[in-house]
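Colleague: Chains as they are written, first to last, in numbering that gives the first Met the number 0: chain A, 0 to 133; chain B, 0 to 133.
Worth flagging that the hints you see were computed from the coordinates, not collected in a lab. Heads up, a few of these hints could be off.
[Claimed, not checked] Using 20 angstroms as the maximum straight-line C-alpha spacing, the simulated SDA-like pairs for lysine to any residue come out as follows:
(1) B:Lys-121 with B:Val-100
(2) A:Lys-121 with B:Pro-72
(3) A:Lys-121 with B:Gly-75
(4) B:Lys-121 with A:Gly-75
(5) B:Lys-51 with B:Arg-3
[What the hints assert, rightly or not] Heads up, incomplete: computed chain A residues facing chain B, CB under 8 angstroms, no partners named:
(6) Ile-1
(7) Leu-4
(8) Val-11
(9) Ser-17
(10) Asp-23
(11) Thr-24
(12) Leu-47
(13) Pro-48
(14) Asn-49
(15) Ile-76
(16) Lys-121
[What the hints assert, rightly or not] Every beta carbon over 10 angstroms from chain B, so not counted as near; a handful from chain A, in silico:
(17) Thr-41
(18) Pro-63
(19) Val-64
The beta-carbon is built from N, C-alpha and C at its ideal position, and this holds for glycine as well.
There are 2 protein chains.
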Amino acid sequence: MIGRLNHVAIAVPDLEASAAQYRDTLGAQVGPPLDQPDHGVTVVFIDLPNTKIELLHPLGDASPVAAFLERNPSGGIHHICYEVDDIGAAAARLRAGGARVLGDGTPRIGAHGKPVLFLHPKDFNGCLIELEQI
Amino acid sequence: MIGRLNHVAIAVPDLEASAAQYRDTLGAQVGPPLDQPDHGVTVVFIDLPNTKIELLHPLGDASPVAAFLERNPSGGIHHICYEVDDIGAAAARLRAGGARVLGDGTPRIGAHGKPVLFLHPKDFNGCLIELEQI
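Pulled out of the complex, with its shape left as it was, chain A reads as follows (with noise of 0.2 angstroms):
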């Protein structure tokens, strides 16, 4: 079911400093930082040859990324981001093997335009994972 390794979102409490630390010292292709209103986030876009860095940044007074940064004021990687085929069919198979999916249990509309859906991570080992459809 599962397939691309889309993402591995990481929290940081200095967007601006972690963006330079991937740009000039880890020598990665790093972007300019995003607004997502819709989603509480400014993020920055690490481009790897295989898959993508996001760095998270609260925006706005209810910022999903806020609390976690309380929790972890150093930062610390907030979900990884599996691609599916279907996300329909992945939350009802998800459902039947005992997993939860959070909020309503239904896709909505992700930061990249596409539906996902995020999971339990007491169910998964401590991991928020995020399923996008591509």
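Once you have looked at the hints, place chain B on chain A.
Modeller: Below, chain B without anything else, positioned relative to chain A:
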């Protein structure tokens, strides 16, 4: 400098259950458990089309994963690994950029038989980063 994302390593409290979950619930290609006594872990590789996931479980009395699981009993993402062409040049560039290389700062042979080094998580947004020479 950094190239492909070689793998995401997830520490898990129950290797068999986690492997079954990735195979049956997430429908991924899951390999057999492999003991790596020199590295204090038993590993299950999950092959995705563009990268891999490594499920890590402690093996032996001096496992580097045991303390992580004590802090995170349900598991969690332990490290991410980026590929580099020249590990010596990478170490020199990182030290010049002020990043701390763990251990004595020199590369050692990693779990895939290639030279690796690890960077201090406090220097990289709370993420433990492995660099592997390919």
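Colleague: Compare the structure with each hint and give your call.
Modeller: Verification of the hints:
1. A threshold of 20 angstroms between alpha carbons decides the hint, and for B:Lys-121 with B:Val-100 the separation of about 11 angstroms falls inside it, so the pair holds.
2. Annotation: proposed proximity of A:Lys-121 to B:Pro-72 holds, straight-line Cα distance about 10 angstroms (limit 20 angstroms).
3. Straight-line distance between C-alpha atoms of A:Lys-121 and B:Gly-75 comes to about 10 angstroms, which keeps the hinted pair within the 20 angstroms bound.
4. Of the supplied pair hints, the one linking B:Lys-121 and A:Gly-75 holds, its CA atoms being roughly 10 angstroms apart against a limit of 20 angstroms.
5. In summary, the hint linking B:Lys-51 to B:Arg-3 is supported, as the alpha carbons are separated by about 11 angstroms, within the 20 angstroms threshold.
6. The interface hint given for A:Ile-1 is met, as the beta carbon of that residue sits about 5 angstroms from the closest beta carbon of chain B, less than 8 angstroms.
7. Given hint, A:Leu-4 at the interface with chain B, holds; its Cβ is 5 angstroms from that chain's nearest Cβ, closer than 8 angstroms.
8. The interface hint given for A:Val-11 is met, as the beta carbon of that residue sits about 5 angstroms from the closest beta carbon of chain B, less than 8 angstroms.
9. For A:Ser-17, the shortest C-beta to C-beta distance to chain B is roughly 6 angstroms, which falls under 8 angstroms, so the interface hint holds.
10. Because the smallest distance between the Cβ of A:Asp-23 and any Cβ of chain B comes to about 7 angstroms, under 8 angstroms, the interface hint for this residue holds.
11. A distance limit of 8 angstroms between C-beta atoms decides the matter here; for A:Thr-24 the minimum to chain B is near 4 angstroms, and the interface restraint holds.
12. Restraint check, A:Leu-47 versus chain B: the minimum CB separation of about 5 angstroms is within 8 angstroms; hint holds.
13. The criterion of a C-beta within 8 angstroms of any C-beta in chain B is met by A:Pro-48, whose closest approach is roughly 5 angstroms, and the hint holds.
14. About 4 angstroms separates the beta-carbon of A:Asn-49 from the nearest beta-carbon of chain B, less than 8 angstroms, and the hint is met.
15. The interface hint given for A:Ile-76 holds, since its Cβ lies 5 angstroms from the closest Cβ of chain B, which is under the 8 angstroms cut-off.
16. The interface hint given for A:Lys-121 is met, as the beta carbon of that residue sits about 6 angstroms from the closest beta carbon of chain B, less than 8 angstroms.
17. A:Thr-41, annotated as away from the interface, keeps every beta carbon of chain B farther than 10 angstroms; the closest lies near 15 angstroms.
18. Remark: the non-interface label on A:Pro-63 is consistent with the geometry, its nearest Cβ contact in chain B lying 17 angstroms away (cut-off 10 angstroms).
19. Every CB of chain B is more than 10 angstroms from the CB of A:Val-64 (nearest about 12 angstroms), matching its label as outside the interface.
Violated hints for the displayed structure: none, as all numbered hints are satisfied.
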